[in-house]
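*Asks:* Sequence:
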Amino acid sequence: MSCNDRASNTPGGLVVEASVSSSAGSCRVTSTKWASHIVEVRNRTLLTYAITVHGECETGCVRYSTGLGTSSTWDDQLNIGPRPGKGGSHNRTLQTDLTCGCAAKNETVRTDLSIVVVGWPYATTDSIYLQIETLG
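Sequential numbering from 1 applies to the sequence shown in our numbering.
Keep in mind that the hints were calculated from the coordinates and are not lab data. Keep in mind the model is a prediction, meaning the values are calculated, not measured.
Simulated DEER-style distance windows between Cβ atoms: (1) Gly85 - Gln131: 38 to 44 Å; (2) Arg92 - Gln131: 20 to 26 Å; (3) Thr93 - Pro11: 17 to 23 Å; (4) Asn9 - Thr93: 17 to 23 Å; (5) Lys105 - Arg44: 34 to 40 Å; (6) Ser114 - Arg44: 19 to 25 Å; (7) Gly81 - Pro121: 16 to 22 Å; (8) Thr59 - Asn91: 29 to 35 Å; (9) Thr66 - Ser21: 17 to 23 Å; (10) Gln77 - Tyr129: 18 to 24 Å; (11) Thr108 - Gly13: 27 to 33 Å.
The C-beta atom is built at its ideal place from N, Cα and C for all residues, glycine as well.
Between the sequences and the hints, there should be enough to build the whole structure, so can you do that?
*Replies:* Written out as structure tokens, the structure is:
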């Protein structure tokens, strides 16, 4: 079971990782403890990227928490600038809460990415699949 993975189809110097973090334990989501779907981006290039994130709970037990209830999808977007002048990487993080309504093993959370170089005619897509256990 893997609840942490990285995109494989990104330009060199750009790293996009998705994970599920939870106070219920590694790769577990419950309805009574906090859990989050996290997307972390590190850019070591001299380019600026616009990244669109679409998260989807592919099975019925796990859902994204919203202000009005729950949803099977999550959409967000970020721009990440070039690396700092002193070197290293420019880092950005997106995060949203998860909850569950039943107990199941091998629940899948998919993260679809659309990556565009700002000001250049280059774009790519990728998907990251995370497997978690829900404890109800």
